[in-house]
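Enquirer: If you want the building blocks of each chain, they are given just below.
Number of protein chains: 2
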Amino acid sequence: MTTHAPLSDTTSATTTPARPDTGRVTAGQGAGDVFGYTLMAEDGMARRGRIVTAHGAIDTPAFMPVGTAGTVKGLTPEQVAATGAQILLGNTYHLMLRPGAERVDRLGGLHRFMNWPAPILTDSGGFQVMSLAALRKLDDDGVTFRSHLDGSKIRLTPERSIEIQRLLDATITMCFDECTPFPATYDQAASSMRLSMRWAGRSRAAFVERPGYALFGIVQGGVHADLRAESVARLTEIGFEGYAVGGLAVGEGFDLMCQTLDVTTPLLPRNRPRYLMGVGRPQDLVAAVRRGIDMFDCVMPTRSGRTGQAFTRRGTVNIRNARHADDPRPLDEACGCPACTQYSRAYLHHLHKAGEILGAVLLTQHNLWYYQDLMRDMRDAISTSGMDAFTQDFDAGQAEGDLPPL
Amino acid sequence: MTTHAPLSDTTSATTTPARPDTGRVTAGQGAGDVFGYTLMAEDGMARRGRIVTAHGAIDTPAFMPVGTAGTVKGLTPEQVAATGAQILLGNTYHLMLRPGAERVDRLGGLHRFMNWPAPILTDSGGFQVMSLAALRKLDDDGVTFRSHLDGSKIRLTPERSIEIQRLLDATITMCFDECTPFPATYDQAASSMRLSMRWAGRSRAAFVERPGYALFGIVQGGVHADLRAESVARLTEIGFEGYAVGGLAVGEGFDLMCQTLDVTTPLLPRNRPRYLMGVGRPQDLVAAVRRGIDMFDCVMPTRSGRTGQAFTRRGTVNIRNARHADDPRPLDEACGCPACTQYSRAYLHHLHKAGEILGAVLLTQHNLWYYQDLMRDMRDAISTSGMDAFTQDFDAGQAEGDLPPL
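From first to last, the protein sequence lines are chains E and A. Residue 405, in numbering that gives the first Met the number 0, is where the first sequence stops; the numbers in between run on with no holes. Residue 405, in numbering that gives the first Met the number 0, is where the second sequence stops; the numbers in between run on with no holes.
Honestly, the hints are just simulated from the structure, not real lab data. For clarity, every value in this text was computed on a predicted model and none was experimentally measured. Just so you know, nobody snuck in bad clues.
From chain E, some residues computed to sit far from chain A (all C-beta separations above 10 Å):
{"hint": "1", "residue": "Ala40"}
{"hint": "2", "residue": "Met44"}
{"hint": "3", "residue": "Ala53"}
{"hint": "4", "residue": "Ser151"}
{"hint": "5", "residue": "Arg197"}
{"hint": "6", "residue": "Arg209"}
{"hint": "7", "residue": "Val249"}
{"hint": "8", "residue": "Gly252"}
{"hint": "9", "residue": "Val262"}
{"hint": "10", "residue": "Leu266"}
{"hint": "11", "residue": "Gly279"}
{"hint": "12", "residue": "Arg302"}
{"hint": "13", "residue": "Gly307"}
{"hint": "14", "residue": "Asn317"}
{"hint": "15", "residue": "Ala333"}
{"hint": "16", "residue": "Phe393"}
Label-pair distances were calculated between CB atoms; the ranges are:
{"hint": "17", "chain 1": "E", "residue 1": "Asp392", "chain 2": "A", "residue 2": "Arg322", "range": "52 to 62 Å"}
{"hint": "18", "chain 1": "A", "residue 1": "Arg97", "chain 2": "E", "residue 2": "Gln258", "range": "46 to 56 Å"}
{"hint": "19", "chain 1": "A", "residue 1": "Ala232", "chain 2": "E", "residue 2": "Ala321", "range": "46 to 56 Å"}
{"hint": "20", "chain 1": "A", "residue 1": "Leu134", "chain 2": "E", "residue 2": "Glu332", "range": "40 to 50 Å"}
By construction, the Cβ of each residue, glycine as well, lies at the ideal position given by its N, Cα and C atoms.
Could you put the whole structure together from the sequences, leaning on the hints where they help?
Expert: Written out as C-alpha cells, the structure is:
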C-alpha cells in the first residue's frame, strides 16, 4: 500500500454518519462532512468501495453519466437517479461559456440549478478547450482560446479553472491539465505531462478546502510506463483526495489502454478513489475495473441513446434497423428499465424512425440503466470474489449477439 | 333539451361500476362496458360531466393532449398522466403512414403500443390530408393523396378511415369529413358540409360497434347558422355517441368562432358530449366552455412548449427572453408542475438557449399541467355556479401580464 499522500485533513477512510438528503432527488443519501474513500472488498486488482462526500455517498466501481450543460441530455434528474446513478459529471468548458460560472454561483450552484443534490464531479475544461474551441494557444501559464459559441476570447489557467469549479459548487474538482494527444513522441508526452504536473501543484494551491469536497489529480504520460510512474510520484507528493488516469481513450486502442493501466494503477494510493477519464464501452469498464479503477465517465450511453444505439447484455443493438419494425419483444429481456418493461422494440424503432424526442429519452434511459446495472453487478461480483465468473458471463453474452429475428 | 338521437344501445347516462385499471399508467380509472355521458352540473351553458368508456372515465370539460405519432412529443405516458390528462388524441393520418394501422393492430393496438391504457380519440385523417399531404384529389367517394413522408399514393374514404381507427383501437372514432376551409363562399360551405354529412352516414355504417367504444359526428357549415343547423339535424338523425364542432379555429378569429358556437351548441343533444376540434388558446377554452363545449384538443401547449413559449396564470411567457437569464423565480408561482416547483426561470431559459431536450420536456409538461389545471378549475367552478367569477379572475390574471423583472 502506497502512503505518499501527506494530507491530513481528508484522508479518513471512515464513513461519517449519514444525514438526511434535503433535496428532491432521491440520489445523494449518505452525505458526510469529510470526503473519504472506504475500500470494502478486493478481488484481484478489482476494488469495491464507497466514497462519502458533502453531497452523498457513491458506491464504487461507479459510472458517472455526463451532464454536459447542466443536464444529462434528455432526462430529468429523477429519471437519471432511477437508473441508479449516484454522481454526475459536469463540463466546465460548456458551463463557463453558458450559462457562466458566476451566474450559476449566484443561482445557488450547479446542484440547485439543475436540481441534482447528489455529488457532481466537474472536469477542468482543458480537454474540451483542445477538442472544441477555436484558435487555441497554449503557454506555460494556461491556454487562450475562442468560444465555439460566440467567438469571444477566453483565458483559462489552473487558478481560473479551479475557481470556476468552485463557483459551480463541484463536489469533486479536477486539476487543470493538458490531455496529451495520441500519438505523441516520447518527448512530447514527457513535456506535456510535466506541464500538467506543474499545473497540478497550482491547482492544489488554488483549491479552496471545504468539508466533504475533494480535488483529484490527473496522471498523464501517454503510453509510457516511466512517464506514468513519474506523474504518479509527482501527484502523490502533492497529495490529492483521488487520482484520475487521463490521456487514455484518445485513440490508443483497447490493448494499449489496458497496458497503460497495468503499469499505472498499482502505483496509485490504495486508500484513494481512482478515476479513468472518458472511458468507455461496457467491455472497457470491465477491463478497467479488473485493473483497479473505481470511477468512470463517458458520453457513450447518452450520445448513443439519442442516435438509436442500445447497449444490452447481448451486445449493441441499432434500433433503427428495419428488423425491429414488427418485433413485440423488449430491447433487453433481462433489463428492468422503462424502455424494456413498458415498450416493444417495434415502438422504440418507430420513435427513432419518426425522430420523436421520446425515442431519445427511452434509449438514453435504457443505456444508463444498463451501465448502472453493469457497475452494480461488478460491485456484487467483487464482494463475492466472483469477478472472473462475471467476466466470463459478460464476454459470453456480448459474443452471443442480439436475439435472432422472430 | 334536444332528443334527436335515435340510438338505443349507447345512450345510457349511467356510470357503470369501475373496474381496476390493468395498465401501468395511472390514468384510465373507471372503465365501463357502455359508452356514456353523465351531465353532472350546469352553470349557464357550461356543463360539468363525466364520460365513461371501455378504457376509463373522462371528466369534462376535458382537454386532450395531442399524441400525433403515438407519443405526446417529449413526454412519457407517466409524465402526461401526471398532468391530469385522462384522454389523448392520436392522428390517423400520421399513424397510417408510419408505423401503419395494420402494424399497430398486430402489435396490440395504440394503447398497448404507446403504453397509454386510458382513452384515446383519433381524428379521421381528413384534416391532415388537406394540410400536410401532396397532390390531394377530392371526389365524392373520398380523397387520393401522396404521403408527405415518401410520396406514395394513398386513398382515404370514410370506410377506410373508420377501419384504420378500428385497427388503432381508438376509444372514440371520428367520422371522416372535409374540414371546410376559411374563407369559403356560402355555396362552398354548403356543398362541403353536405359532402361531410353523406360521409357521416357512411362512417356510421362502417363503424364496428364495440362495448364502451364510440363514434362521434362532426358538425360543419362554416360560419353560417343555417348550415350549422342543417348539419346538426342530419347528424342527429343518423345518431352518434358524441358530436364535434369542426371547421373552426381555421382562421375565422375569436368572435366568429364564438358566434358560430352560439348558434350551434344549443342545437346539440344535451345528453351527449360535445367536442370543439383543434381549439385552442386558454381564453378560447374558457369562451367555448361557457358556450357548452365539453372536450378540446390542440397542439398549442405541446408545440409551444418545445419552442419556449409557456402559458401561465399571468399570460404567455417567452422563456428564451434574456430577462429570465438570472431570474431565480419559478415560471408560474401558483403551478404545481415539476418545471415550476423544481427549477428557476434561469434554468429553463438556459436549457432553451442551449437547445437541450429537457427544456422542451419541462415546458411541455408545464403547459399541459396548466391546461389541465384550467379544465379542473372550470369543472369546479361549474359545480359551484362560479363560472362568471372564474372567468373574471381568469381574464384579470391574463391581463395582468408576466411578473415584473426583479
